[in-house]
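Residue numbers (this note's numbering), protein chains in the order written: chain X, 1 to 381; chain A, 1 to 137.
Fair warning: there could be bad hints in the mix.
As the list claims (entries may be wrong) - Quick look at which bits of chain X chain A covers, simulated, 3 or more residues with Cβ under 8 angstroms:
1. 257–263
2. 294–304
Said to hold, decoys possible - 20 angstroms max Cα-Cα, derived DMTMM-like pairs, lysine to aspartate or glutamate:
3. A:LYS115 with X:GLU303
4. A:LYS76 with X:ASP286
5. A:LYS115 with X:GLU293
6. X:LYS17 with X:ASP381
7. X:LYS17 with X:ASP149
8. A:LYS76 with A:ASP36
9. A:LYS38 with A:ASP129
10. A:LYS76 with X:GLU293
11. X:LYS150 with X:ASP15
12. X:LYS288 with A:GLU117
13. X:LYS263 with X:ASP378
14. A:LYS20 with A:ASP43
15. X:LYS282 with A:GLU117
16. X:LYS260 with A:ASP81
17. X:LYS260 with X:GLU293
18. X:LYS288 with A:ASP108
19. X:LYS46 with X:GLU139
20. X:LYS288 with A:GLU72
21. X:LYS223 with X:GLU164
22. X:LYS194 with A:GLU86
23. A:LYS115 with X:ASP286
24. X:LYS100 with X:ASP353
Simulated from the structure, these hints should not be mistaken for laboratory data.
Please read these numbers as outputs of a predicted model, since none were measured by experiment.
Note that CB positions come from ideal geometry on N, CA and C, so glycine has one too.
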Amino acid sequence: MTTTEAPRGATDELDLKRNGVIDSDVHPNFVNGIRDLMPYMSETWKTRLGISGDDWAKGMAAAQFTLPLDYLYINPAGAYRADAAQPGVPPATDPVFTAKQLLDPHHVYRAVLLSGQCLGIGAMPDGMVAATIASAYNEWMTERWLQEDKRFRGALVVAPQDPEAAVAEIDRVAGRDGVVAVFMPLGQILMGEKHYWPIYEACARHELPLVTHPSGTENVFAKAPQMAGTPTFYLEWHTALGQIHQSNTLSMICHGVFEKFPKLKHVIAEGGFMWALEVMWKLDRDWKGLRNEVPWLTRPPSEYLLDHVRFTTQPFVEPHDPRHLAPLMEMMHAERVLMYSSDYPHWDFDNPDRALQGLTPELRRRIQVETPREVYGDRLD
Amino acid sequence: MTETTTGPDLVQKEDAVHPKGTPHVVCRVDELPPGDRKIVEIDGRSIGVLNVDGRYHALMNTCPHHGAPLCEGVVKGTMADTAPHEYSYGRHNEFITCPWHGYEFRLDTGRALVKTERARVRVYTVVVDGDDVVLYV
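Can you make the complete structure from the sequences, with help from the hints?
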């Protein structure tokens, strides 16, 4: 800890615990793709995935699995913070360097690791493959990151295609030191459907928040979450990703997921949040006339969102007129629903000391310290 | 979250015995059989008088939400509060549904089914006096 660089003057561990920032979206990366997971897979599965050895066809289609991501869109900004890479070391592959670049200077108390390059495994056609990768990732994350620096906390990854395997994985890993959430990569089926309910039951039972995030596969793969049409450009695609989170939030509320699982919390990471305003207002208005369709909703639908859904802040809103920020935060109930995130090491990183500068100190504290504490609970300490 | 008390308000019982307002004959009893309704205009106010299974109701014919002709809406029951993915229809014919946005109001009290909807429809006393249906406004 380099205290001279700490913006809020952290002086000791206790101060860091009380006032340090909690970052809810940091992506640890593999150096060599799925091959980094080889030590955590059985020979059988390495053979099944075609990653057991040097194969002449390893770069060719169908010779091995590749983790599905947005390879068809080209980000001209490079997808990563340029300074997050060191010579020969790709961004966020080294926990020591990551701590030095992200945690120390920004007075970060805890950083929650989300999924690395497993964001898109929900699009894989074979749920058994996705479940195997998720389990191996959880071992890798534990050994490589959680045991390296306790400031790193992790979301255990599950395969959404196979709820039974997902529940078994939650039960297997939930009790581990450093695990603070369940990360569910998104797939084609909307999140209110009964398909997922066993996963929600397990999250609620272990009191682990469920975290989702753009999968990076939207409209690139057939079993990925579907947008309205396939955008041409990265800029267009990246901005449209909020569609997925709107649809999933509506689906969960309308199916009564939060009536069925009153302890469930859903954290939407990097999914935007201002869209939730219109969703809340329109849901409440239409519900008055359409309640007969969803009679299990015993409260105005917006109340489920405010009680159960939390949003990470990055990329934070930048209204054209900065004076509009305060009323937006008030309308959004920001003090209840927002949780700070940096999205390190990606190109659109939000600096914890700068991104929320337009907000009052009280609101910043709610977003960076208190609300995340309420969501993750004692597992943070 | 739905309005679950049943039966007319006490004040309405009192009204039925000693109705307030000025009596207006709407029609003869046999002109308003069960299932029928009449929209009448009294002192510039449009009021719906309904015979629902032998019970008479009268409500202001204006939805407090967006001003729709409420009393032209469907009379029906509603879905009970149930567990997710379960349905249970009941309270048949206790509600009138706005023909525009589908808001449901209790025929006897004018209260919205959804408790958070504060708007309430004005209701009037309607009685049978001899062969006449009489509305008090």
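The hints, checked one at a time:
no. : hint                   : result
1   : 257–263                : holds (count 3)
2   : 294–304                : holds (count 6)
3   : A:LYS115 with X:GLU303 : holds, 14 angstroms
4   : A:LYS76 with X:ASP286  : holds, 19 angstroms
5   : A:LYS115 with X:GLU293 : holds, 17 angstroms
6   : X:LYS17 with X:ASP381  : holds, 8 angstroms
7   : X:LYS17 with X:ASP149  : holds, 15 angstroms
8   : A:LYS76 with A:ASP36   : holds, 13 angstroms
9   : A:LYS38 with A:ASP129  : holds, 17 angstroms
10  : A:LYS76 with X:GLU293  : holds, 15 angstroms
11  : X:LYS150 with X:ASP15  : holds, 16 angstroms
12  : X:LYS288 with A:GLU117 : holds, 8 angstroms
13  : X:LYS263 with X:ASP378 : holds, 16 angstroms
14  : A:LYS20 with A:ASP43   : holds, 16 angstroms
15  : X:LYS282 with A:GLU117 : holds, 14 angstroms
16  : X:LYS260 with A:ASP81  : holds, 13 angstroms
17  : X:LYS260 with X:GLU293 : holds, 17 angstroms
18  : X:LYS288 with A:ASP108 : holds, 19 angstroms
19  : X:LYS46 with X:GLU139  : holds, 15 angstroms
20  : X:LYS288 with A:GLU72  : holds, 18 angstroms
21  : X:LYS223 with X:GLU164 : holds, 19 angstroms
22  : X:LYS194 with A:GLU86  : holds, 13 angstroms
23  : A:LYS115 with X:ASP286 : holds, 14 angstroms
24  : X:LYS100 with X:ASP353 : holds, 16 angstroms
In the structure shown, no violation is registered for any of the earlier numbered hints.
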